Amino acid sequence: MDSSGLDSSGLGVRRAVGFVAPALVLIGVFLVFPALWTLYIGITNYQLTGPAAANPRVVGLDNVVNAVRDPLFTNSVWLTALFVLGSAVIGQNVLGFGLAWLLRTVRPVLRRTVEGLVLLSWILPGTVVAYLWFAVLSRDTGTLGMLLGSPRTAWLVQYPMTSLIIFNVWRGTAFSMLLYTSALAAVPPSQLETARLAGASGWQTVRDVVFPHIRGHVLTNTLLISLWTANDFTPFLLTAGGPNHRSEVLPVLIYRQALESGQLGYASAMSMLLLVGNLVIALVYLRLLRRRA
Amino acid sequence: MAGIGGADTTGKKVGWGLLNTVVVIYALIPVLWIVSLSFKSSKTLADGNFIPREWSLENYQNIFSTSEFTRALVNSIGIAIIATAIAVVFGTMAAYAIARLDFPGKNLLVGVSLLIAMFPQVSLVSPLFEIERSLGLFDTWPGLILPYITFALPLAIYTLSAFFREIPWELEKAAKMDGATPGQAFRRVIAPLAAPGVFTTAILVFIFCWNDFLFAISLTSTEQSRTVPVALSFFTGSSQFEDPAGSIAAAAVVITIPIILFVLFFQRRIVAGLTSGAVKG
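Quick note, the sequences are listed as chains U and B, same order. For the first sequence, counting from 1, position 17 maps to 17 in this note's numbering; every step adds exactly one. Count along the second sequence from 1, then add 1000; that gives the number in this note's numbering.
Chain U on its own, in the form it takes in the complex (with noise of 0.2 Å):
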């Protein structure tokens, strides 16, 4: 009878592993094996072309040194804090939230629209959102610029890290609302109805009812939006890094330094400090994850 608790469906453990092993197989040969290739590379004066790729030669940690130190690199860095910081953190966050919180009491109709429309500026191809956002920003005919009355502002030349940041909000929204929507679900309403008889005002309500309950949602939250912003490739599609570097998050660094400048090693050792970084800030997630229970 035991056995059956463990292996209910009939197949037995050797099937359970045939079962998994496709999968593991491709992961296997497409993802780690690529990933450890480019911890290799990444030790490594691998370049596309010239008189490295052929003999590539060890250079330990010189890539990350000289990483540090390049203030391409740097610039980059404090770029990716920043556009993980605005928009993700604070932006995606904020407005999800306070989508999912005026959407609870609407008619189903309207939630309905506001949910797939924020859905779709999630899910619409980047290049097809880059260039609608691009039509938007341009300088002489962008709509931007002739609802505000300024026809002559190149919004993505004068302002790209703000306008990066912007555009990320309003894409990336849609997921923390969907999740706080579910995640709201779950208040009990006896007590928002206690916190309404008390008097509590809605941001007194929002910190003392409603944020006690959801408080593994907002980490969950914060964590995928900022890993997903901090490895995001759309501002390429957008200001490709420019003006002068002005934009250069580091995905757009790194794909800029490995396919067109063709330094394969030092890109590799860039990846690795995302790499690096990404790990950080899960970390940093669990810690507080844990540290509620």
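FYI, nobody ran anything at the bench for these hints, they're computed from the structure. Owing to the predicted nature of the structure, the values given are computational and were not obtained by experimental measurement. Each residue gets a CB set at the ideal place from its N, CA and C atoms; glycine is no exception. Hints may be right or wrong, so weigh each one.
On the chain U side, residues computed to face chain B include the following (Cβ under 10 Å) [unchecked claim]: (1) LEU48; (2) THR113; (3) VAL128; (4) ALA183; (5) ALA230; (6) LEU275.
Given the coordinates of chain U, work out where chain B should sit on it, guided by the hints.
Just chain B now, with coordinates in the frame of chain U:
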């Protein structure tokens, strides 16, 4: 605010104002603006009018008359469908084993697949480029299908496991007690219960493959396997001095149609799929 602070009318007004603004911004920018651009003739393209002064199908005729676009459309559809089918089959098998069976390293597997899902895509571009060049996969269909499957798998496994955990597996046992074979129990009882989760995952995987730009631009070099999102960025207009904006808008509308249909028909499913892992996990 609305609903809670019953007497708080200014808060309510601000809330409604915000909501209206959001609806207008989200609706105006994504769909309507490109649709409008795509129907403008080349003369009125840059006039900035929101509603085209003269409607024309010129742009659509242009893109469908070039192999640059039609070939890319065929590539996009083929690659996304094949990759989705394989990823869902492999993902379902793995998630099924994870949900039903205890085997050593099971939790580790879920943890690792989550970790891998967080990998910056861009950091794997150069090794994949090298691997594919040496295997002869560069600029071929399998050269895109294989990385898509791989990148979709961790997410698929994670989402599907969350769905499979919810299935009342005792029903299977009950069916067997009533005399069903394991095969029948699976087909008649479990498969219908699992279908919505599998379907939702398939939609999400398809959207990921359909939208990808980074792999598609780094692992292809010719029309042979270039997908629409990349082909868009190579558009130059039908003559050298023509503004390609109209063609790009028309092509953008064409690749947006399936996504809009998905959202229209499966909105609830997509929402469930997106939040299931994060909320329940």
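Hint-by-hint comparison with the structure:
no., hint, verdict
1, LEU48, "holds, 9 Å"
2, THR113, "holds, 7 Å"
3, VAL128, "holds, 4 Å"
4, ALA183, "holds, 7 Å"
5, ALA230, "holds, 7 Å"
6, LEU275, "holds, 6 Å"
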